[in-house]
Amino acid sequence: MSGKKRRYSRWRLAVQTAAFLVILINPFLNYYWQFSFVQGWYQSLGIGKLWFVSPLEGLESILVSKTVYLPLLIGMLIPVLLALFLGRVFCGWICPIHFLSELEDRLLRLLRIKRRDLWRLPRMVFWFALIGELLLSMIIGAPLFVFLSPPGLVGREIMMAVFFHTLALEGVIVVLVLTLNLFTRRFFCRYLCPLGALLAFLGSKRRLLVVKREEECLKCGLCDRACPLGLSPSQGEGASLYCWNCGECVDACRLNALAFRWRAIGPRVQSDSQPRDE
Amino acid sequence: MGSLLLPRLAHAGLLKSPVGINHLRPPGAVPEEIFPAKCIRCGRCAEICSYRSIRVLDIRYGVYAGTPLINVEEVPCYLCMKCVDVCPTGTLRRVSQEEVRMGLAVINRRQCVTWRGLALCRTCYNVCPFKEKAIHLDQLRPVIDERFCTGCGLCVHGCPLTPKAINIEPVYAFERKSRDVREEEAL
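As you go down the protein sequences, you meet chains A and B in turn.
To convert, note that position 262 of the first sequence is 315 in my numbering; the numbers rise steadily by one, no gaps.
To convert, note that position 63 of the second sequence is 69 in my numbering; the numbers rise steadily by one, no gaps.
Check the hints yourself; a few may be wrong.
Derived, one-sided and incomplete: chain A residues facing chain B with beta-carbon distance under 8 angstroms [claimed, not checked]: (1) PRO80; (2) GLN96; (3) SER97; (4) GLY99; (5) LEU103; (6) TRP104; (7) ILE192; (8) ILE193; (9) MET213; (10) PHE217; (11) HIS218; (12) GLY283; (13) SER285.
Bear in mind the hints are in silico, worked out from the structure with no lab data behind them.
For clarity, every value in this text was computed on a predicted model and none was experimentally measured.
Every residue gets a Cβ at the ideal spot worked out from N, C-alpha and C, and that includes glycine.
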């Protein structure tokens, strides 16, 4: 059993580090070697002719400008499909803010500073953040998340530093988000991130879930304490809308009562090997 | 109306467009009225620009933060047309070099030494990528043809005078267009 322990967190850190290195190294390649095969950051990333566009940024652009541009929709396709099938995995496994927050967590653990989640808001705030942000953007007539999004700002600040040898002032938002982590883990990600809310909404019928096996659970509560989003996997919240499938609770469980499971496609199809999925 | 309600914001530049004389959007840009709406601030145009003509604005420009801008007095646009190929939102449309209309070069004849008869300078003529079309010499004095001028700003950059005797006016950026025209252009 100990061999299985902490499996996902190691994988996750590797993926996050790789994802962060992409946006860290790219500006240098573009600036000093004019190597533009990989371009941009997590607002729009281009790998050769394969383009990704962040779904919320794309949606804002369409809603506010009231025009549709087909390449934009195609760029949003893969991120949207990823969210539909796997849920908020962008947040849990790729987002540079979550990566920096995890580094912050590790640093605090190293310094033996203990935290409690001081501020808890109703989860509904998450949806109000998304709807409010979209409505406000449409009223003002300018998309707001495109220049205020913390994940995007990390990329932009790195690019600004490399290209223009300066930092943009709005980078304080990133610092603010990381500071909020000191009081409540992932306060921004939990309650305020409109992009996270959109991905969670898209992932409401996702296939990949954290499922609890009732008979093996001792109700020790380790998983609840491990969850960076403050969810309670012991109460089955690993299958809720808000879970970003990071696997922290699966790692924390000593009895393997929690595991990632694929939900069968369609309500009637039930595979014999996984009778407890539903 | 907006400037009436929020005079201070307008003066601080939070609502005012950063586009002005010699401060231009990259080639193929949609009209300024929908530019900040369409652009997702991904910065890819600035990353691909080999000449570092395109700069990215910061939060001091309010809702225009993160949008690309070219100051042709510092670095003009060399019309390499790389940025229009990487824009994922259609904010920079894929136009050819000749179709670029970033603005229109306007000569200040009271400032220009050639027009004043003080010297025989023709730097703007020499550096223009569309010589004899966008700019020609009329009795050795430079004259712009608005049918061909792309507004790339090479002439502004080249002009040896301070203040510049030739400037790019962003005459096309603030044109009001009907929705139908805009949609056609967006496609």
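How the hints compare with the structure:
1. PRO80: holds, 7 angstroms
2. GLN96: holds, 4 angstroms
3. SER97: A/SER97 check passes; min Cβ-Cβ to chain B is 4 angstroms, inside 8 angstroms.
4. GLY99: With a closest approach of 6 angstroms, the A/GLY99 hint holds.
5. LEU103: violated, 11 angstroms
6. TRP104: holds, 5 angstroms
7. ILE192: violated, 12 angstroms
8. ILE193: holds, 7 angstroms
9. MET213: With Cβ-Cβ at 7 angstroms, under 8 angstroms, it holds.
10. PHE217: With a closest approach of 7 angstroms, the A/PHE217 hint holds.
11. HIS218: violated, 11 angstroms
12. GLY283: violated, 31 angstroms
13. SER285: violated, 36 angstroms
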